[in-house]
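The primary structure of each chain is shown beneath.
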Amino acid sequence: MTVSKHSFKLGLGSLLCVRSLILIVMFCLSWHSPPAEARTVQKLVTPSGVSVWLVEDHGIPIVALGFAFRGGSLEDPPGKAGLGHLLANMLDEGAGAFDADAFKDRLEALGSQLTFSISRLAFSGGLVTLSKHLDASAELFGLALQDPHLREADFERTKQQEMASVAFENRDPERAAIRAFYETAFAGHPYALPVKGSAATLEKLSAQDVRSHRERLIAKNQLHVVIVGAIDAAKAGKIVDTIFSGLPAGTARTVVSPIALKPMMTVLAAPPGQGLETAVFALPMPGLDDRDFFTALALNHIAGSGNFDARLTSELRVKRGLTYSIATQIAADSVSSFALGVVSTKPGKMDEALAAARMVFSNLQADGPELKELENAKSGLNGAYLLGLDTSAKLADHLLGLWIDGLDADYGETRKTSLSQVQKADADRVARKFLDPKDLNVLIVRPGTGAEVR
Amino acid sequence: MRASDQKTFASVAAACFLVTLLATALPSTVRAQDEAPVGEVTSFTLDNGLQIVVIEDHRVPVVTHMVWYKIGSIDDPQGASGLAHLLEHLMFKSFDAGAEESFAQIMSRLGAIDNATTGADSTNYFQRVAKERLIDVMAVETRRMSGLTLKEDQVLIERDVVREERRSIFESDPIKLMAEQMMAALYQNHSYRRPPIGWSHEISTLKLEDALSAYKSFYIPANAVVVIAGDVTPSYVRELAAQTYATIKGDRQPPHRLVTVEPEPIASRRVDMVDDRAPQPALFRSYLTPSYRSAAPLQAESLEVLATILGEGETSRLHRALVIGEKLALGIGSRYFGEGRDSGRVAIFAIVPATGDLQNVEQRIDRVIDDLLGAGITDDELARAKAAIEARLIIASDNQKKLATRYGEALAVGRTVEEVTDAPNRLAQVTKADIETAARTFLAKQRSVTGFLTPAKTKESAR
Chain H
390 MTVSKHSFKL
400 GLGSLLCVRS
410 LILIVMFCLS
420 WHSPPAEART
430 VQKLVTPSGV
440 SVWLVEDHGI
450 PIVALGFAFR
460 GGSLEDPPGK
470 AGLGHLLANM
480 LDEGAGAFDA
490 DAFKDRLEAL
500 GSQLTFSISR
510 LAFSGGLVTL
520 SKHLDASAEL
530 FGLALQDPHL
540 READFERTKQ
550 QEMASVAFEN
560 RDPERAAIRA
570 FYETAFAGHP
580 YALPVKGSAA
590 TLEKLSAQDV
600 RSHRERLIAK
610 NQLHVVIVGA
620 IDAAKAGKIV
630 DTIFSGLPAG
640 TARTVVSPIA
650 LKPMMTVLAA
660 PPGQGLETAV
670 FALPMPGLDD
680 RDFFTALALN
690 HIAGSGNFDA
700 RLTSELRVKR
710 GLTYSIATQI
720 AADSVSSFAL
730 GVVSTKPGKM
740 DEALAAARMV
750 FSNLQADGPE
760 LKELENAKSG
770 LNGAYLLGLD
780 TSAKLADHLL
790 GLWIDGLDAD
800 YGETRKTSLS
810 QVQKADADRV
820 ARKFLDPKDL
830 NVLIVRPGTG
840 AEVR
Chain Y
230 MRASDQKTFA
240 SVAAACFLVT
250 LLATALPSTV
260 RAQDEAPVGE
270 VTSFTLDNGL
280 QIVVIEDHRV
290 PVVTHMVWYK
300 IGSIDDPQGA
310 SGLAHLLEHL
320 MFKSFDAGAE
330 ESFAQIMSRL
340 GAIDNATTGA
350 DSTNYFQRVA
360 KERLIDVMAV
370 ETRRMSGLTL
380 KEDQVLIERD
390 VVREERRSIF
400 ESDPIKLMAE
410 QMMAALYQNH
420 SYRRPPIGWS
430 HEISTLKLED
440 ALSAYKSFYI
450 PANAVVVIAG
460 DVTPSYVREL
470 AAQTYATIKG
480 DRQPPHRLVT
490 VEPEPIASRR
500 VDMVDDRAPQ
510 PALFRSYLTP
520 SYRSAAPLQA
530 ESLEVLATIL
540 GEGETSRLHR
550 ALVIGEKLAL
560 GIGSRYFGEG
570 RDSGRVAIFA
580 IVPATGDLQN
590 VEQRIDRVID
600 DLLGAGITDD
610 ELARAKAAIE
620 ARLIIASDNQ
630 KKLATRYGEA
640 LAVGRTVEEV
650 TDAPNRLAQV
660 TKADIETAAR
670 TFLAKQRSVT
680 GFLTPAKTKE
690 SAR
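For the protein sequence lines, the chains are H and Y, in the order given.
Just add 389 to the spot in the first sequence (first one is 1) and you have my numbering.
Just add 229 to the spot in the second sequence (first one is 1) and you have my numbering.
Keep in mind that the hints were calculated from the coordinates and are not lab data.
Certain hints may be false.
Here are the computed lysine to any residue pairs in the SDA-like style, where the Cα-Cα straight-line distance is at most 25 Å [stated by the list, open to error]: (1) K521(H) x T504(H); (2) K630(Y) x Q280(Y); (3) K615(Y) x R655(Y); (4) K556(Y) x D598(H); (5) K405(Y) x P836(H); (6) K521(H) x D630(H); (7) K405(Y) x G662(H); (8) K360(Y) x A798(H); (9) K445(Y) x D480(Y); (10) K593(H) x G554(Y); (11) K761(H) x I364(Y); (12) K630(Y) x H447(H); (13) K436(Y) x V707(H); (14) K556(Y) x T504(H); (15) K708(H) x Q334(Y); (16) K708(H) x F324(Y); (17) K593(H) x K556(Y); (18) K521(H) x D490(H); (19) K708(H) x S433(Y); (20) K360(Y) x E764(H); (21) K556(Y) x E541(H); (22) K735(H) x R506(Y); (23) K405(Y) x A556(H); (24) K708(H) x S429(Y); (25) K615(Y) x D490(H); (26) K405(Y) x A658(H); (27) K432(H) x H447(H); (28) K738(H) x D389(Y); (29) K708(H) x L379(Y); (30) K627(H) x H522(H); (31) K738(H) x W428(Y); (32) K360(Y) x L808(H).
According to the in silico footprint, chain Y covers these stretches of chain H (three or more CB under 8 Å from chain Y) [stated by the list, open to error]: (33) 442–450; (34) 555–562; (35) 661–671; (36) 695–702; (37) 706–714; (38) 731–745; (39) 772–778.
In this text, a Cβ means the ideal position worked out from N, Cα and C, and glycines have one as well.
Starting from the given sequences, assemble the full structure and let the hints guide the process.
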């Protein structure tokens, strides 16, 4: 067993599918003098018209392929939250000529790994395979998308597993608190609905729901594919068409209106036996397309990177020993943009912890960051994105994320340039506007009576 | 990082298994002179006794730098569980007193991703940086290996932080608490029975002088291994090491580390925990086995394949019998933990529907195991399991940090570079007879602990 010193355990995990935490890792096309196998992105269109970003890399004989198309959990019909997620979990339960057992036996014999997942706005999937098994794996991948069985018996089992999984996640105090935060802060907006659904919505789903949802959802709506690995452009085009050319064009997708967070304070009772208090707190931030976004990114790093020199960590953990971990991340997409933080402490200490956090924001708002802090934040953020992209799988994942957010493959360059241009005066101005502790939206879950966190 | 898409790939690549390299299987590509293929491993030892391992990966201009110290919770003195872990926390305060720049500020300036972990057998510090920064992180770790100054109040605050860590990570999660209880029951003599983070009541009594004394004995070059993976060559790393680590005196021998041997188990044990925070009943089963380090040839590899056939993924025997077939469990899996210095285990974990019956589940698991012991495994199962493990090995070699961890973790318990590098070949040699022998030897009831985690309500209705 391993004990981590300061894991940045912002429990966003797959529970929330906060789509756009693109801020942690960013891609840069060519930084430093590129090594022999420089990772440049080739932009291709396959014979059947699918757009592909390819990074050819023969360093290791594997291929990582990811795809995404528009159509996420926001397409779940009213009262059926979690349907898209359940569908994603069922696509490998038998397809084409293979029943569920045969499909999985074959996948294991190839050593290939196939996954499907869903976020609010997009449906995505990935394949990691040895190059020598690419053709056979692509065939299975295509079958899962185009001809999945979605049988009654497999449905019932998967549904029970999903309900158990949601129940387990909700027993994690931080995950439960974040989920409750979304329900409260976005009440009345589709973003309040959990991507995986709840016990109540999952319970009512039927196999027929899943089958009809597949017909509507699995389609080529703005389909985009990213491939990283030991494969050339011609082969990449053939493989992509094998997998995707049989899919329908798709129907119109749900349009969601932007929403801004409001100041709020909510207190919920913890389930019996929970021996700690957890708080989720958020501040509105400039949107992805706002020129102040990168300044906000630097400020977020200064306050909440989770490193020991970050102001929140320094005040709450290093000086006061109140918590193991406090970090904030900017969750930004076309619909909303805010910095979200989570902190846990022992019962009776949350008021002290939150007062310290307010003081951090208040000081930053009044005086802005120190010059050295700002420079460290800029270099730290610029250094970190490259570090996150050292594996083929992570690179493919990252490129796909850029596409989902409507950004280009060279976004890393834009980001790097924009960050390096952030000046102290910008930081002071953005801090004054956005880091007002009065704007905080806070949800606390603590032992006690009253409405219980679900 | 984005949550759902991260799952798409990261969790796939996270099949945290035998990471190793298959340099011979790689196609030749154009690369600069003296740059080796991905995964080429070189090891050398400095005069002061520090071993340095270089794993080349020239695809991206990034390096992962790790220092592994041969100290873990098994070295915690009686009554001071959690000491090695507290010391790891305190190492991050090493420059705070009087220094111009704190450790955190240096990491921040370098744009490094850094962290540390404490396990039962070893403690690991790592940084990931652009390759030009490697010299800086080597210099920082050289300073941390050369002297630690601490003040009493730093220790008091950090003890509180560790208690918060225990509270938020372990005590809020009945599954993790149960896992601790399982280890405490599985090991009757070895200090693997104590959690690396320490028992809560002992964390509160840890002392500054004990931490400093552990630092003095264990944090020396001859008791450490440095692993560097990334876009660097061995000759370049040698140059950097000459300016940094080589300047530390090598005047002390590695400390004596107590080796406790577990008695041959003669009685199966049970752990029964009721916790109404558990949303579902769960079943745990652990069998005492050797580790890669302590096993006879091919025994550990056989256990690895055995655990794969028994409970790895949706093609496994346990999944097909209990989840697909009789629907007694919502999920089930098994895994071999063979990384330890002195001992290992095969562990089974099942999540059961709220209306389910743990005793039924236990009986069905036992039947699956009895079938395997009686009729053996099939050629097809063996072939699929080997293919899956081979693919996992190659796919894992895509990941610098995992490769470095694989080597560091093994070397820190006294294994060799050759053993790690040769792992795929030895896995390929495992036969049906090897696996069946390992199963008969180690999946014996008296070697096991069975744990029931029950939410209070289910417990009452079952009575």
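Here is how each hint holds up against the structure:
no., hint, verdict
1, K521(H) x T504(H), "19 Å, holds"
2, K630(Y) x Q280(Y), "18 Å, holds"
3, K615(Y) x R655(Y), "11 Å, holds"
4, K556(Y) x D598(H), "22 Å, holds"
5, K405(Y) x P836(H), "21 Å, holds"
6, K521(H) x D630(H), "18 Å, holds"
7, K405(Y) x G662(H), "15 Å, holds"
8, K360(Y) x A798(H), "23 Å, holds"
9, K445(Y) x D480(Y), "12 Å, holds"
10, K593(H) x G554(Y), "24 Å, holds"
11, K761(H) x I364(Y), "22 Å, holds"
12, K630(Y) x H447(H), "19 Å, holds"
13, K436(Y) x V707(H), "18 Å, holds"
14, K556(Y) x T504(H), "23 Å, holds"
15, K708(H) x Q334(Y), "16 Å, holds"
16, K708(H) x F324(Y), "15 Å, holds"
17, K593(H) x K556(Y), "20 Å, holds"
18, K521(H) x D490(H), "23 Å, holds"
19, K708(H) x S433(Y), "18 Å, holds"
20, K360(Y) x E764(H), "20 Å, holds"
21, K556(Y) x E541(H), "14 Å, holds"
22, K735(H) x R506(Y), "17 Å, holds"
23, K405(Y) x A556(H), "16 Å, holds"
24, K708(H) x S429(Y), "21 Å, holds"
25, K615(Y) x D490(H), "18 Å, holds"
26, K405(Y) x A658(H), "23 Å, holds"
27, K432(H) x H447(H), "18 Å, holds"
28, K738(H) x D389(Y), "12 Å, holds"
29, K708(H) x L379(Y), "15 Å, holds"
30, K627(H) x H522(H), "15 Å, holds"
31, K738(H) x W428(Y), "22 Å, holds"
32, K360(Y) x L808(H), "21 Å, holds"
33, 442–450, "holds (count 5)"
34, 555–562, "holds (count 6)"
35, 661–671, "holds (count 5)"
36, 695–702, "holds (count 3)"
37, 706–714, "holds (count 9)"
38, 731–745, "holds (count 3)"
39, 772–778, "holds (count 6)"
Going down the numbered hints, you'll see the structure goes against none, and every one checks out.
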